[in-house]
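Working from the sequences, and respecting the hints, build out all of it.
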Amino acid sequence: MSQDLLHTYRSTLRTRIFRKMAAAGLDSLLVTDLATIRWLTGFSGSNAKLLFAGDATSVLFTDFRYQEQVRQETSGIATVILKDPLPVELASGTFRLGDKMALQVEHVTWHEQQQLSEKLGHLEFAPVSAFFDEFREINHIEELDRMRRAVALSETVLEAVIGMIGPGVTEIDIAAEITYRHRKLGAEKDSFDPIVAGGPRGAMPHAKPTAAAFQPGSLIVIDMGCIVDGYASDQTRTVAFGKISDEQREVYRIVREAQQLGIDAAKAGMAARDLDAEVRNFIAAAGYGEAFGHGLGHGVGVEVHEAPRVGTASTGTLREGTLFTIEPGIYLPGRFGVRIEDMVALGPDGAEPLQRFTKELIEL
Numbered sequence: 001m002s003q004d005l006l007h008t009y010r011s012t013l014r015t016r017i018f019r020k021m022a023a024a025g026l027d028s029l030l031v032t033d034l035a036t037i038r039w040l041t042g043f044s045g046s047n048a049k050l051l052f053a054g055d056a057t058s059v060l061f062t063d064f065r066y067q068e069q070v071r072q073e074t075s076g077i078a079t080v081i082l083k084d085p086l087p088v089e090l091a092s093g094t095f096r097l098g099d100k101m102a103l104q105v106e107h108v109t110w111h112e113q114q115q116l117s118e119k120l121g122h123l124e125f126a127p128v129s130a131f132f133d134e135f136r137e138i139n140h141i142e143e144l145d146r147m148r149r150a151v152a153l154s155e156t157v158l159e160a161v162i163g164m165i166g167p168g169v170t171e172i173d174i175a176a177e178i179t180y181r182h183r184k185l186g187a188e189k190d191s192f193d194p195i196v197a198g199g200p201r202g203a204m205p206h207a208k209p210t211a212a213a214f215q216p217g218s219l220i221v222i223d224m225g226c227i228v229d230g231y232a233s234d235q236t237r238t239v240a241f242g243k244i245s246d247e248q249r250e251v252y253r254i255v256r257e258a259q260q261l262g263i264d265a266a267k268a269g270m271a272a273r274d275l276d277a278e279v280r281n282f283i284a285a286a287g288y289g290e291a292f293g294h295g296l297g298h299g300v301g302v303e304v305h306e307a308p309r310v311g312t313a314s315t316g317t318l319r320e321g322t323l324f325t326i327e328p329g330i331y332l333p334g335r336f337g338v339r340i341e342d343m344v345a346l347g348p349d350g351a352e353p354l355q356r357f358t359k360e361l362i363e364l
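The numbering of the sequence shown is UniProt numbering, which starts it at 1 and goes up by one.
It is worth saying that the hints were derived from the structure and are not from the lab.
Certain hints may be false.
Taking lysine-lysine and the PhoX-like style, the derived pairs with C-alpha atoms no more than 25 Å apart in a straight line are [to be verified]:
1) LYS189 / LYS208
2) LYS243 / LYS267
3) LYS359 / LYS243
4) LYS208 / LYS184
5) LYS189 / LYS243
6) LYS119 / LYS49
The structure is reproduced here in structure tokens:
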């Protein structure tokens, strides 16, 4: 039943997109990024294009490798198994393209645009950017359920890998276990390459795991997530290995309180940058303002990084039904770092964290 609900929701989304196209004076729209195509159709293949045609029909194009998969994963949308290149197929006269076709500027290469122009030279191509963000920011109940399941699966893995940390264990050991256990428990894959960073490497927010063994007296940042039925999770915890200093403990306390402040302060209707500022000002007042250099959070959905962005340069408003991360951090180069991250669902009464994993400092 949940799959049927999602198919119905996607059909409604496609109708709303046609309305937006009409309001913008667009006759047709070619969707070329796979994440948006999966969000709109359910199709997870590695080769796909989606056409919103001028007669209010939508057509999904793929190739022979996926003819059975596309049948299984989609419903209520026409599909074409390409024998010729897409520009040739579009120029066949089968599809109503109108006079003005929109292309996603972030996802069409110069070469692809030239191929389309060569075959469809009579069309005016209109660039669109972030065209789908306003729709993707608000989550259907089934989308939220899939992300909750991704969170729960990843938390099970996190608990297991934390228990593996000990003398001689390396960052790569833990990162590899995260990936293996995600898949073993039923995830499609990691939602991003796991970040496992011990000691001074924890001061690099996007450190890549190395063969370095964990050293006693260090903090270890673990940032991880997975994909379940097409939807992502994202979470970060920082744990202590061996006896840590008073300063490390104090920085952990500041980050934890800052993260809770972000959860408590988030309200539908507030400017995203105001939420960032509230947490950033708290960290600055504690004396570590220069050590928090990234944004407070980002949306999560079929991709692990989506709109809205919650940062100093954000221009949007947080809306009810939006799901995003709250992940403040303090990074002291050459010494250590701390980050704590939850995904939160924004409802009428505020933000509900999806993660349930403890934020008490775990000391190994």
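Going down the list of hints, with the structure as the test:
1. LYS189 / LYS208: Within the cut-off at roughly 18 Å; holds.
2. LYS243 / LYS267: Answer violated: LYS243 to LYS267 is near 38 Å, above 25 Å.
3. LYS359 / LYS243: holds (18 Å)
4. LYS208 / LYS184: It holds: about 23 Å lies between the C-alpha atoms, which stays within 25 Å.
5. LYS189 / LYS243: With a Cα-Cα distance of about 34 Å, the restraint between LYS189 and LYS243 is violated, given a limit of 25 Å.
6. LYS119 / LYS49: OK: LYS119 and LYS49 at ~17 Å, within 25 Å.
Consistency note: the structure conflicts with the earlier hints numbered 2 and 5.
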